[in-house]
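Trainee: These are the residues of each chain, in order.
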Amino acid sequence: MNCREARRYFGAYWDDELTQAEREWLEGHFAACADCRRGYDEHARVLELAASLPRHEPETGFTERVLARARRAAPAPDRVPSASPAWLPVTAAAAALLLVGTLAVPWLLPRRDMPRAPVATLATPAPDAVPQAASAPSGPADAPGAPAASGAAPTDLAAVPDSLFDHSASVEFILDPVPLRRGRPQAPSPALPVQAERAVISF
Amino acid sequence: MARAAEDDERAFSELVRRYQGRVLNLISRVLNDREASDDLAQEVFVRVFVHRRNYRRGSRFSTWLFTIAANLAKNEIRRRVRRRNWFSLDALTEALKDSAIQLADPAEGRESLMEREQLQEAMGRAIATVPEKYRLSLVLRDIEGLPYEEIAQVLGIPGGTVRSRINRARSMLKRKLQPLLRREGTP
Numbered sequence: 001m002n003c004r005e006a007r008r009y010f011g012a013y014w015d016d017e018l019t020q021a022e023r024e025w026l027e028g029h030f031a032a033c034a035d036c037r038r039g040y041d042e043h044a045r046v047l048e049l050a051a052s053l054p055r056h057e058p059e060t061g062f063t064e065r066v067l068a069r070a071r072r073a074a075p076a077p078d079r080v081p082s083a084s085p086a087w088l089p090v091t092a093a094a095a096a097l098l099l100v101g102t103l104a105v106p107w108l109l110p111r112r113d114m115p116r117a118p119v120a121t122l123a124t125p126a127p128d129a130v131p132q133a134a135s136a137p138s139g140p141a142d143a144p145g146a147p148a149a150s151g152a153a154p155t156d157l158a159a160v161p162d163s164l165f166d167h168s169a170s171v172e173f174i175l176d177p178v179p180l181r182r183g184r185p186q187a188p189s190p191a192l193p194v195q196a197e198r199a200v201i202s203f
Numbered sequence: 001m002a003r004a005a006e007d008d009e010r011a012f013s014e015l016v017r018r019y020q021g022r023v024l025n026l027i028s029r030v031l032n033d034r035e036a037s038d039d040l041a042q043e044v045f046v047r048v049f050v051h052r053r054n055y056r057r058g059s060r061f062s063t064w065l066f067t068i069a070a071n072l073a074k075n076e077i078r079r080r081v082r083r084r085n086w087f088s089l090d091a092l093t094e095a096l097k098d099s100a101i102q103l104a105d106p107a108e109g110r111e112s113l114m115e116r117e118q119l120q121e122a123m124g125r126a127i128a129t130v131p132e133k134y135r136l137s138l139v140l141r142d143i144e145g146l147p148y149e150e151i152a153q154v155l156g157i158p159g160g161t162v163r164s165r166i167n168r169a170r171s172m173l174k175r176k177l178q179p180l181l182r183r184e185g186t187p
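As they're listed, the protein sequences go chains F and S.
Quick note on numbering: the numbering used here labels position 198 of the first sequence as 198, and the sequence is numbered without any gaps.
Quick note on numbering: the numbering used here labels position 46 of the second sequence as 46, and the sequence is numbered without any gaps.
Bound-form chain F, shown alone:
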């Protein structure tokens, strides 16, 4: 081995990572070679100096500053008040109830396939009554459909579905523009067309 190889061992010798044989050889070489001995002394001196550099200690309050910055950087969920306002869950629950109620009403109310007879009796005569109504004598007291409607109204009206919710009923009210006059209302004309499930009401 020569000086070049000896210098390659300097680092491992400093770190105490040489084998026994390598260490003995290097130490023998140091005894014989003043240049390598001095070279290693400088090497060791540099590393001693590096290791002996004064340690920089943090200033007072370092930990507190770190904690403050850490809290700002990532607030812990269990230490920061909830960002959602208190009324939000209540409002959400009310909205959910309203939605459920809206969806449930059609199921609770009479279904589409329920008979619409009460509706028909309100203003529409039965199909077989139409000819009679059409041929009935005109007159305020004998208005077509009036006796039937007045007689059945108390019981039939109770069975009338609320049209606000039951839109399945295909009853259509066509309201003709009627000039309002002072005095008694005019009797509806018996000649008005009446069709099934459609009533034309004149005031």
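In short, the hints are calculated from the structure, not lab data.
For clarity, every value in this text was computed on a predicted model and none was experimentally measured.
It cannot be assumed that every hint is accurate.
[Unchecked claim] Not close to chain S: a few residues of chain F, all C-beta gaps over 10 Å, as computed:
no., residue
1, C3
2, L18
3, E27
4, A31
5, A34
6, R37
7, W87
8, T91
9, A93
10, L99
11, G101
12, P106
13, W107
14, L108
[Stated by the list, open to error] One side of the interface only, derived from the structure: several residues of chain F facing chain S at Cβ under 8 Å:
no., residue
15, R4
16, G11
17, E42
18, H43
19, L49
20, E59
21, F62
22, R65
23, A73
C-beta: ideal position from N, C-alpha, C; glycine also.
On the provided structure of chain F, position chain S as indicated by the hints.
Mentor: Using the frame of chain F, we list chain S on its own:
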């Protein structure tokens, strides 16, 4: 660290107290800038706190901590190099020349010439001029005293690369400081 990861603030404070000196020293030796090091060391612990749930319990906390510190220090060095030639060789040469002149002043006694403080200051400057990838290995090994295996984990490089980098860094440091050391050794 396990307690800190579960949002135990007292445990986190204890971690900061325990490691703040080592982190600060590592960064300040790598940057050779005491003022900036304090802020960067704080940032290291903030990163630890923010990413505390990413810490793998099987690994050593110090390794994870030094990895964060080394990465932040590297970023800071690169940022400074981009801005200006902060660690220029010319600046070091001038600095060492000044130190050498002061140390070699024949009007004063040898003991006062070689005041340890001045030599340490020169050493700090010399370390700061070693290229970044060698400097980090050098500081972790010869100042912080980490074993080679841990340095390899911190820097994410093989153990053999760590050894060769440290050897090269030591040689660079020795060359830079040789004039001072020779003067010191001269009777």
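Trainee: Please go over all the hints and tell whether each is borne out by the structure.
Mentor: Going through the hints against the structure:
1. Separation of F/C3 from chain S is adequate, the least Cβ-Cβ distance of about 15 Å exceeding the 10 Å criterion.
2. The Cβ of F/L18 lies farther than 10 Å from every Cβ of chain S, with a closest approach of about 13 Å, so its non-interface assignment holds.
3. With a closest Cβ-Cβ approach of about 20 Å to chain S, F/E27 is found to remain outside the 10 Å limit, as its non-interface label requires.
4. With a cut of 10 Å on Cβ distances, F/A31 stays outside the contact zone with chain S, its closest approach being about 20 Å.
5. The non-interface label for F/A34 is consistent with chain S: the shortest C-beta to C-beta separation is roughly 13 Å, beyond 10 Å.
6. Every CB of chain S is more than 10 Å from the CB of F/R37 (nearest about 12 Å), matching its label as outside the interface.
7. Every CB of chain S lies more than 10 Å from the CB of F/W87, the least distance being 28 Å, so the non-interface label holds.
8. Listed as a non-interface residue, F/T91 keeps its Cβ farther than 10 Å from every Cβ of chain S; the least gap is roughly 30 Å.
9. At roughly 30 Å from the closest C-beta of chain S, the C-beta of F/A93 stays outside 10 Å, upholding its exclusion from the interface.
10. Once the 10 Å rule is applied to beta carbons, F/L99 is consistent with being away from chain S; the minimum gap is 37 Å.
11. Consistency note on F/G101: stated as away from chain S, and its beta-carbon is indeed over 10 Å from all of that chain's, at 42 Å minimum.
12. For F/P106, the non-interface assignment is confirmed: its Cβ lies about 49 Å from the closest Cβ of chain S, beyond the 10 Å cut-off.
13. Every beta carbon of chain S lies more than 10 Å from that of F/W107, the smallest distance being close to 48 Å; the non-interface claim holds.
14. With a least beta-carbon separation of about 49 Å from chain S, F/L108 lies farther than 10 Å from that chain, consistent with its non-interface assignment.
15. The criterion of a C-beta within 8 Å of any C-beta in chain S is not met by F/R4, whose closest approach is roughly 13 Å, and the hint is violated.
16. Taking 8 Å as the C-beta contact cut-off toward chain S, the hint placing F/G11 at the interface holds, the least distance being around 5 Å.
17. The closest approach between the C-beta of F/E42 and any C-beta of chain S is roughly 5 Å, which is under the 8 Å cut-off, so the hint is satisfied.
18. Taken as an interface hint, F/H43 checks out: its beta carbon lies about 6 Å from the nearest beta carbon of chain S, inside 8 Å.
19. Look at F/L49: its Cβ gets to within about 5 Å of chain S, closer than 8 Å, so that hint holds up.
20. This hint holds: F/E59 has a C-beta 6 Å from the nearest C-beta of chain S, less than the 8 Å allowed.
21. A distance limit of 8 Å between C-beta atoms decides the matter here; for F/F62 the minimum to chain S is near 5 Å, and the interface restraint holds.
22. Restraint check, F/R65 versus chain S: the minimum CB separation of about 6 Å is within 8 Å; hint holds.
23. The interface hint given for F/A73 is met, as the beta carbon of that residue sits about 5 Å from the closest beta carbon of chain S, less than 8 Å.
The structure does not agree with numbered hint 15 stated previously, though it agrees with all others.
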